[in-house]
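All chains, full assembly: derive it from the sequences and hints.
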Amino acid sequence: MLNAEFVAVIQVLVYAGAIMVLFLFVLMLLSSKDSEKYVNKWSVGKILAGLLSLGIFIQIAGLFTANELQLGSKGEYPLEVVEEVGSITLIGRLLFTDYILSFEIIAILLLVAVIGAVVIAKRRFQ
Amino acid sequence: MIPIEHILLLSALLFIIGVLGVMLRRNVIVMFMSIELMLNAVNLSFVTFARSLDSMTGVVFIFFIIVVAAAEAVVGLSIILSIFRTRKTLNIDEFNLLKW
Amino acid sequence: MSQIWLVPAFPLLGFILNGFLGKRFGTRFVTFVGPLAVGMAFAQSLVLFFQMLEAEGNVLNEHLYTWIASGNFEAGINFTVDQLSGLYLLIITGVGFLIHVYSVGYMKGESGYYRFFAYLNLFVFFMLLLVLGDNFLLMFVGWEGVGLCSYLLIGYYFEKDSAAEAAKKAFLFNRVGDFGVLSAVMLIFLSFGSIEFATVNAEASTRLTEGGTLVTAITLLLFLGATGKSAQIPLFVWLPDAMEGPTPVSALIHAATMVTAGLYMVARLSHLFVLAPFTMNVIAVVGATTAILAATIAITQTDIKRVLAYSTVSQLGYMFLAMGVGAFSAGVFHVMTHAFFKALLFLGSGSVILAIHHEQDMRKMGALKNKLPITYVTMLLGTLAISGIPFFSGFFSKDEILWKAFSSPFGSPWLWFVGFLTAGMTAFYMFRMIYLTFHGESRVDSHVVEHVRESPLSITLPLVILAALAVIGGFFGVPHVFHVIPNGIEVYFHDFFAQIPAGHGNVSTEWTLMILSVIFALFAWFMASRLYHSGFEIASGLRSKWEWAYQLSLNKWYVDELYNSLIIQPGRLLSTHLLWGLFDQNVIDRAVNTTGAVARLVGNTIRPLQNGLIQNYALIFTLGTFLILWYMT
Numbered sequence: 000m001l002n003a004e005f006v007a008v009i010q011v012l013v014y015a016g017a018i019m020v021l022f023l024f025v026l027m028l029l030s031s032k033d034s035e036k037y038v039n040k041w042s043v044g045k046i047l048a049g050l051l052s053l054g055i056f057i058q059i060a061g062l063f064t065a066n067e068l069q070l071g072s073k074g075e076y077p078l079e080v081v082e083e084v085g086s087i088t089l090i091g092r093l094l095f096t097d098y099i100l101s102f103e104i105i106a107i108l109l110l111v112a113v114i115g116a117v118v119i120a121k122r123r124f125q
Numbered sequence: 000m001i002p003i004e005h006i007l008l009l010s011a012l013l014f015i016i017g018v019l020g021v022m023l024r025r026n027v028i029v030m031f032m033s034i035e036l037m038l039n040a041v042n043l044s045f046v047t048f049a050r051s052l053d054s055m056t057g058v059v060f061i062f063f064i065i066v067v068a069a070a071e072a073v074v075g076l077s078i079i080l081s082i083f084r085t086r087k088t089l090n091i092d093e094f095n096l097l098k099w
Numbered sequence: 000m001s002q003i004w005l006v007p008a009f010p011l012l013g014f015i016l017n018g019f020l021g022k023r024f025g026t027r028f029v030t031f032v033g034p035l036a037v038g039m040a041f042a043q044s045l046v047l048f049f050q051m052l053e054a055e056g057n058v059l060n061e062h063l064y065t066w067i068a069s070g071n072f073e074a075g076i077n078f079t080v081d082q083l084s085g086l087y088l089l090i091i092t093g094v095g096f097l098i099h100v101y102s103v104g105y106m107k108g109e110s111g112y113y114r115f116f117a118y119l120n121l122f123v124f125f126m127l128l129l130v131l132g133d134n135f136l137l138m139f140v141g142w143e144g145v146g147l148c149s150y151l152l153i154g155y156y157f158e159k160d161s162a163a164e165a166a167k168k169a170f171l172f173n174r175v176g177d178f179g180v181l182s183a184v185m186l187i188f189l190s191f192g193s194i195e196f197a198t199v200n201a202e203a204s205t206r207l208t209e210g211g212t213l214v215t216a217i218t219l220l221l222f223l224g225a226t227g228k229s230a231q232i233p234l235f236v237w238l239p240d241a242m243e244g245p246t247p248v249s250a251l252i253h254a255a256t257m258v259t260a261g262l263y264m265v266a267r268l269s270h271l272f273v274l275a276p277f278t279m280n281v282i283a284v285v286g287a288t289t290a291i292l293a294a295t296i297a298i299t300q301t302d303i304k305r306v307l308a309y310s311t312v313s314q315l316g317y318m319f320l321a322m323g324v325g326a327f328s329a330g331v332f333h334v335m336t337h338a339f340f341k342a343l344l345f346l347g348s349g350s351v352i353l354a355i356h357h358e359q360d361m362r363k364m365g366a367l368k369n370k371l372p373i374t375y376v377t378m379l380l381g382t383l384a385i386s387g388i389p390f391f392s393g394f395f396s397k398d399e400i401l402w403k404a405f406s407s408p409f410g411s412p413w414l415w416f417v418g419f420l421t422a423g424m425t426a427f428y429m430f431r432m433i434y435l436t437f438h439g440e441s442r443v444d445s446h447v448v449e450h451v452r453e454s455p456l457s458i459t460l461p462l463v464i465l466a467a468l469a470v471i472g473g474f475f476g477v478p479h480v481f482h483v484i485p486n487g488i489e490v491y492f493h494d495f496f497a498q499i500p501a502g503h504g505n506v507s508t509e510w511t512l513m514i515l516s517v518i519f520a521l522f523a524w525f526m527a528s529r530l531y532h533s534g535f536e537i538a539s540g541l542r543s544k545w546e547w548a549y550q551l552s553l554n555k556w557y558v559d560e561l562y563n564s565l566i567i568q569p570g571r572l573l574s575t576h577l578l579w580g581l582f583d584q585n586v587i588d589r590a591v592n593t594t595g596a597v598a599r600l601v602g603n604t605i606r607p608l609q610n611g612l613i614q615n616y617a618l619i620f621t622l623g624t625f626l627i628l629w630y631m632t
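Protein chains in written order, with numbering that gives the first Met the number 0: chain A, 0 to 125; chain B, 0 to 99; chain C, 0 to 632.
Treat the hints with care, since some could be wrong.
Derived DSS-like pairs (lysine-lysine); straight-line CA-CA distance at most 27 Å [as the list claims (entries may be wrong)]:
no. : chain 1 : residue 1 : chain 2 : residue 2
1   : C       : K107      : C       : K363
2   : B       : K87       : A       : K40
3   : A       : K121      : B       : K87
4   : C       : K544      : C       : K363
5   : C       : K159      : C       : K22
6   : A       : K45       : B       : K87
7   : B       : K98       : A       : K40
8   : B       : K98       : A       : K121
9   : C       : K159      : C       : K107
10  : C       : K370      : C       : K107
11  : C       : K159      : C       : K363
12  : C       : K22       : C       : K107
13  : B       : K98       : B       : K87
14  : C       : K368      : C       : K107
15  : B       : K98       : A       : K45
Taking beta-carbon pairs under 7 Å as the criterion, some of the chain A residues facing chain C (in silico) [what the hints assert, rightly or not]:
no. : residue
16  : A48
17  : G54
18  : I55
Calculated directly from the structure, the hints in this document are not laboratory data.
Cβ coordinates follow ideal geometry from the N, Cα and C atoms, glycine included.
As structure tokens, this is what we get:
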């Protein structure tokens, strides 16, 4: 319906494939005792959190369902173009021309994240 | 064709659930998963807006969000690992040195 | 071009050099710089004096720097040399120079030698500023400055409690007077729009109504300042205590210069004062009363410097008497002659004190005239001068004042009578001092008496010079009746002071009064010699008959005790119970403590916000988001 098949696939790949696996690995490494119940003792905090979240939801919902949803200017890729050319092509084109700088920075970000993770989690050898 | 308001509401709902998870759960891992949930909710709203505005910029931006989420998950989990080694607990109330 | 600024600049330079470098460079440097600074100032004063005599209108002006220029008000650092300040310049620098030379010998061997000369130079600087200024502001700077230096020098031996107390007393009484001066200056500014002397004197008669309340208030306040500075009733009690300072200080500050500052101010504003007959009467009466009061106290004092101190208060009373009856030039003339003989007497007493190893009590002196010949002769000459013995300087000036007190439209025979009595008493106690110190049998401590020797040249030379001045100084102002030489002082001042209506009385009255006072002075001399030529025994026989009078005189008429019970104790009670107990403790301390408590309270309340619990932080984030969203929609 939203013609974003590529996004869907990518999401499944990255999240279910990589990030969930990472979480599982970490969980396995952290052998914490399950019996320990982590209990939130501050009841006022719980109520406050609930109320605030409800409030924020109502505000955002109000924004989204306003009668005249003020949208921005229309872009250049209507449904027909996307169906005809294909979303992957379009995304790739944009990624490597208009948004090339952000793309490169993202790459460096990933590198930094990997290095950072290794450094932080390293065991110090005495 | 589903009216986009529904999808947007779904995205908001997911986001709020994520927020509640961050505020109410004590297990650090669960907190992390709630943060990922928040990011995904934002992804959803991006895609919706991209479609309704006939623009591909929103979709490209989702890529970036996914990459950032991944990087952040990696670093965050390594931090948790490192803290766990000394404190031997995953209760976030124990991670309370952010006050000096 | 007249370089007036050089005159105060030399002593100021002396102060800086002595104060900052004196300790390092030692005694010889200070001995060289200290007197030289004042000597150069004296030389320049002479030059300026003669320039002033040639100048048009007898006035030299110099504008140095505009200090305050705000709206319509302008006050600059301007120097003026006219007849009045020219004469004062010569007195200050001349007598000051002699006293500096004297101090070289007197303060030899004292620790803090450089400090003494530094302060002395600073004092001369401020005094010069006082007399050279052409507006109230500059004069007041000098006024305060000499008060400060007086404090510093009286408390020179600051380790002695009595000296520190005396210095504080002097400064505080001065301060009360300063309040009067400041209030008067403000009133003058309101009335005239300017605080320059020339303007005030010129426009006084047009702007102020004669005898009106405004001018009376201004002049009374100014006179209050003068009583503080020049030790008149009610603010005279600091001067005897000021004798705690070294003798040269007493000579310079409390005889020749600072105490004449009040007189300078009254003389400078003569045009203002003649517009307020009430104030003139007040001045004359206060002056006469102070004169006789101090004279009665001086009769019984045993400390040689106290005798001279009360004598100074008494003579200042004479000068104010002169001002009060409108005889301004006679008053200034007496300032000059008094500077000569009083400085001489103080320095001479210092020579005696030094010779008998810092003993000041006359009960331990006696038979010193052979051992200290130069000191004896010069002090005798000074005593003759102050007693008004004919042809010495004091005779001419004192007689002029007494005549004017009798004959002036502001004067009265009663004022003359009080002055007449005081003159006799002055002769009496001065000769008493001479006899007790120099004649009779020696009461000096036995182990001191062998070492008594005449003082060195640096001490005796100024004594001789001052003695010469005390003898011949009177011939500058010979009264008209003598028809021999014109009255130099009146010629000198011609139209400077405000004119008062001519007095009554004729020449034969003047001769009569003059002869009367001479006879009375000689009689007092005779009585003093009868009573004291061999020490205290004869006098103490007389004392037992008049014990009440003796006690009254010895205890200074209990004025200090009166002030203590009337002003000091109530003030202390008020401060302790009301101001400290009620206000300071309750209001101010409460306010401060409350502020601290509030700060602590706020801190305690806000601190839990930062407890390190991440979920709390997350909670606050969402709260913030909620509020922002609320604001935006």
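Do the hints match the structure? See the list:
| no. | hint | verdict |
| --- | --- | --- |
| 1 | K107/C with K363/C | 24 Å, holds |
| 2 | K87/B with K40/A | 20 Å, holds |
| 3 | K121/A with K87/B | 16 Å, holds |
| 4 | K544/C with K363/C | 24 Å, holds |
| 5 | K159/C with K22/C | 22 Å, holds |
| 6 | K45/A with K87/B | 26 Å, holds |
| 7 | K98/B with K40/A | 20 Å, holds |
| 8 | K98/B with K121/A | 25 Å, holds |
| 9 | K159/C with K107/C | 19 Å, holds |
| 10 | K370/C with K107/C | 21 Å, holds |
| 11 | K159/C with K363/C | 22 Å, holds |
| 12 | K22/C with K107/C | 15 Å, holds |
| 13 | K98/B with K87/B | 21 Å, holds |
| 14 | K368/C with K107/C | 24 Å, holds |
| 15 | K98/B with K45/A | 22 Å, holds |
| 16 | A48 | 6 Å, holds |
| 17 | G54 | 5 Å, holds |
| 18 | I55 | 5 Å, holds |
Of the numbered hints listed earlier, not one is contradicted by the structure.
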